[in-house]
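Chains as they are written, first to last, in the working numbering: chain D, 84 to 402; chain G, 8 to 282.
Since the hints were made in silico from the structure, they are not lab data.
Don't take each hint at face value.
[Unchecked claim] Quick partial rundown of chain G residues pointing at chain D, CB under 8 Å, derived from the structure: (1) Trp34; (2) Val36; (3) Gly64; (4) His73; (5) Met127; (6) Pro150; (7) Trp217; (8) Asn238.
[As the list claims (entries may be wrong)] The following residues of chain D were derived to be distant from chain G, with all beta-carbon distances above 12 Å: (9) Ala116; (10) Leu178; (11) Phe211; (12) Arg258; (13) Ala360.
C-beta: ideal position from N, C-alpha, C; glycine also.
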Amino acid sequence: MTQTATTRRPGKTTTPQLRKRRSLLRYWREYLAISPFFILFAAFGLFPLLFAVYLSMVSWDGLGDIEWVGPDQFVRLFSSGEFTHALGNTVIIFLTAQVPVILASLGAAALLSSPKLRARGLYQTMFFLPQVTSIVAVAIVFQSLFSNEYGIINAILEGVGLSSVPWMTTEWGVRLVVSIMIFWRSFGYFVVIFLAGISSIPPTLYEAARLDGAGSWRILRSITIPMILPTVAFVAVTGTISGFQIFTEPQVLTNGLGGPNDSVVTMMFLQVRYMGATLQTVPTDLGFATAIGWGIFVVLILLAVLNARVIAKRRKELS
Amino acid sequence: MKSRPRMWVQHLVLVPAAALFAFPFYWLVVMSTSRTSDIFGSPPRLIPGSQLVANIGRLFDSVDFHQAFLNSVFVSVVATAVTVTIAALSGFVFAMFRFPARDWLFAILLVTMTLPTGVMLVPMFQIYVDLGWINTYLPLIVPGAASAFGIFWMRQAAREAVSYEVIEAARVDGAGFLRVFWHVGVPALRPAIAGFTVFQFMWNWNEYLWPLLVLNDSALYTLPVALQQLNGTHGTSDYPVVMAATLLATIPLIVLFLFFRRMVMSSVTSGAVKG
Numbered sequence: 084m085t086q087t088a089t090t091r092r093p094g095k096t097t098t099p100q101l102r103k104r105r106s107l108l109r110y111w112r113e114y115l116a117i118s119p120f121f122i123l124f125a126a127f128g129l130f131p132l133l134f135a136v137y138l139s140m141v142s143w144d145g146l147g148d149i150e151w152v153g154p155d156q157f158v159r160l161f162s163s164g165e166f167t168h169a170l171g172n173t174v175i176i177f178l179t180a181q182v183p184v185i186l187a188s189l190g191a192a193a194l195l196s197s198p199k200l201r202a203r204g205l206y207q208t209m210f211f212l213p214q215v216t217s218i219v220a221v222a223i224v225f226q227s228l229f230s231n232e233y234g235i236i237n238a239i240l241e242g243v244g245l246s247s248v249p250w251m252t253t254e255w256g257v258r259l260v261v262s263i264m265i266f267w268r269s270f271g272y273f274v275v276i277f278l279a280g281i282s283s284i285p286p287t288l289y290e291a292a293r294l295d296g297a298g299s300w301r302i303l304r305s306i307t308i309p310m311i312l313p314t315v316a317f318v319a320v321t322g323t324i325s326g327f328q329i330f331t332e333p334q335v336l337t338n339g340l341g342g343p344n345d346s347v348v349t350m351m352f353l354q355v356r357y358m359g360a361t362l363q364t365v366p367t368d369l370g371f372a373t374a375i376g377w378g379i380f381v382v383l384i385l386l387a388v389l390n391a392r393v394i395a396k397r398r399k400e401l402s
Numbered sequence: 008m009k010s011r012p013r014m015w016v017q018h019l020v021l022v023p024a025a026a027l028f029a030f031p032f033y034w035l036v037v038m039s040t041s042r043t044s045d046i047f048g049s050p051p052r053l054i055p056g057s058q059l060v061a062n063i064g065r066l067f068d069s070v071d072f073h074q075a076f077l078n079s080v081f082v083s084v085v086a087t088a089v090t091v092t093i094a095a096l097s098g099f100v101f102a103m104f105r106f107p108a109r110d111w112l113f114a115i116l117l118v119t120m121t122l123p124t125g126v127m128l129v130p131m132f133q134i135y136v137d138l139g140w141i142n143t144y145l146p147l148i149v150p151g152a153a154s155a156f157g158i159f160w161m162r163q164a165a166r167e168a169v170s171y172e173v174i175e176a177a178r179v180d181g182a183g184f185l186r187v188f189w190h191v192g193v194p195a196l197r198p199a200i201a202g203f204t205v206f207q208f209m210w211n212w213n214e215y216l217w218p219l220l221v222l223n224d225s226a227l228y229t230l231p232v233a234l235q236q237l238n239g240t241h242g243t244s245d246y247p248v249v250m251a252a253t254l255l256a257t258i259p260l261i262v263l264f265l266f267f268r269r270m271v272m273s274s275v276t277s278g279a280v281k282g
């Protein structure tokens with residue numbers, strides 16, 4: 084009850100303190116209003132996390148007896164080579180899709196932000212439309228576009244005198260198609276976010292820079308990019324998290340099989356495979372699936388820390 | 008003026024880019040309006056055909072496509088309504104009210120946004136099994152009902168669009184907690200709510216992993232799962248049918264988006280400008 088006194092301190096945004104309240108219970112409405120998130124997080128976030136500790140120490144096909152195996156699943160995680168292969172696939176797809184799309188959408192947003200540009204809305208709409216479509220639908224269309232024999236892409240390649248590419252039957256071919264799909268689908272989303280970031284920059288900054296005789300490139304480098312760094316940080320963090328949990332694109336594109344030599348079996352794909360939910364290409368083992376989940380967890384936490392460090396460093400350099 | 012030629016350069020980059028982005032849609036239309044023989048012929052057909060109605064007819068003959076469509080509408084509408092309501096209320100409260108530990112609680116919420124959900128796949132699935140939620144839509148609605156991202160978004164929007172003076176004025180006039188939210192918060196947050204609703208609807212409509220995991224009964228399938236199954240069964244034999252289904256699954260969201268385009272775009276952009 085006495086704690087409330089410490090929260091009386093006015094923050095940066097001072098609310099007029101009209102009422103003096105002494106008890107936490109007085110704030111029940113506020114706590115009730117924000118409670119759904121915390122309740123649901125406890126039930127479907129925290130609890131599964133603890134449950135996952137137990138599940139990763141067993142071997143279980145989901146139907147028969149649960150067998151306690153201790154740390155064996157983690158030994159298997161490192162020794163079987165499947166997880167490292169999946170991690171490698173994920174990194175390759177991430178680097179060839181997410182990194183180019185963030186850079187390209189930043190460039191596109193800079194182009195689109197010029198105040199005199201006509202048809203800005205039309206461009207934005209056209210770039211954003213892929214984001215609206217279901218990944219499953221996109222994967223089916225891309226399957227057709229990049230089909231080895233009947234695909235229009237190969238027909239075009241042959242038409243201009245190049246040789247056709249066996250997209251769907253080579254490791255790098257399938258990976259590239261997955262990356263192009265991710266690029267195509269997420270580009271518009273990033274453009275909209277970056278445009279929002281750019282338009283939040285006070286126009287007076289630009290006016291001042293122009294008066295000082297700064298060119299477009301100079302303005303982009305010295306005003307636009309530093310000012311939207313928080314937006315870029317947000318996009319980088321969320322983009323990395325989603326990028327490393329890629330599942331639907333490779334799964335649907337390869338009809339659940341994972342491509343030649345499992346070349347697009349990402350970490351999530353591998354986990355779902357061991358859950359026995361898709362085509363039964365491996366014996367179901369929920370324990371191993373959970374261990375894979377922990378592998379994903381550790382990788383993503385490391386990335387989040389790395390992200391935070393890089394962003395903090397960049398921010399320091401710019402300020 | 009200097010600016011004229013510069014705009015030309017921008018269009019020179021943007022027009023081909025936009026055409027490239029539109030091509031897969033065009034191709035979807037071509038494929039779903041063609042005969043199988045057109046698709047597997049050489050050279051491939053490049054312009055839309057006249058077989059759309061016939062393809063859709065064969066689609067409805069072979070699978071329960073309209074059931075999947077209705078399922079998707081139901082799940083998406085319910086899940087979106089719940090999520091948006093909770094996000095708007097929680098975000099508004101986080102932004103405009105002061106209460107003990109508020110900033111700590113919000114910090115926790117932000118941290119959970121970076122928490123990878125991948126590790127929870129198996130335990131979540133087991134929880135749904137134990138709760139008897141397999142082959143129901145509850146796993147698609149309840150766990151995601153309070154979106155950290157949505158609350159974060161609404162809080163930002165509230166801080167930018169709502170002034171403390173208006174809230175105090177409403178309180179002085181005797182408005183209670185929910186009245187303040189309803190009469191001050193919701194009108195000011197309307198653009199953000201509209202934007203989030205469309206985003207959330209799209210996300211729910213396209214959700215694939217969990218429906219795939221928890222729905223085994225084909226009568227309950229949502230569109231993405233039904234589509235994937237159809238591609239598996241008809242993908243090699245009757246491609247135009249798969250494409251017609253893909254087109255039908257894609258159109259509603261495109262229409263929805265085009266209809267609310269200005270609202271979505273401007274909510275994202277204007278919300279940020281006001282700050």
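Non-interface claim for D:Ala116, where every Cβ of chain G lies beyond 12 Å = Not fine: 4 Å to the nearest Cβ puts D:Ala116 too close to chain G.
Residue hint G:Trp34, partner chain D, criterion CB-CB below 8 Å | 6 Å, holds
Mind checking the CB of G:Met127 against every CB in chain D and telling me if the closest is under 8 Å?
-> 4 Å, holds
Is it the case that D:Phe211 keeps its Cβ farther than 12 Å from each residue Cβ in chain G?
-> Violated, because the least Cβ-Cβ distance between D:Phe211 and chain G comes to about 7 Å, which does not exceed 12 Å.
Taking 12 Å as the cut and beta carbons as the points, is D:Ala360 off the interface with chain G?
-> 5 Å, violated
Residue hint G:Asn238, partner chain D, criterion CB-CB below 8 Å = 5 Å, holds
When the nearest CB of chain D is found for G:His73, is that gap smaller than 8 Å?
-> 17 Å, violated
Measuring Cβ to Cβ, find out whether D:Leu178 lies farther than 12 Å from everything in chain G.
-> Holds: least Cβ distance 19 Å, greater than 12 Å.
Classify the hint on G:Gly64 as holds or violated, based on whether any CB of chain D lies nearer than 8 Å to its CB.
-> The hint is violated - G:Gly64 has no Cβ within 8 Å of chain D, the shortest such distance being about 20 Å.
Chain D contact restraint on G:Val36 - CB to CB distance below 8 Å | 10 Å, violated
Is the Cβ of D:Arg258 more than 12 Å away from each Cβ in chain G?
-> 19 Å, holds
Under the criterion of a CB-CB separation shorter than 8 Å, is G:Pro150 in contact with chain D as hinted?
-> 4 Å, holds
Hint check: violations occur at hints 2, 3, 4, 7, 9, 11 and 13; the rest are consistent with the structure.
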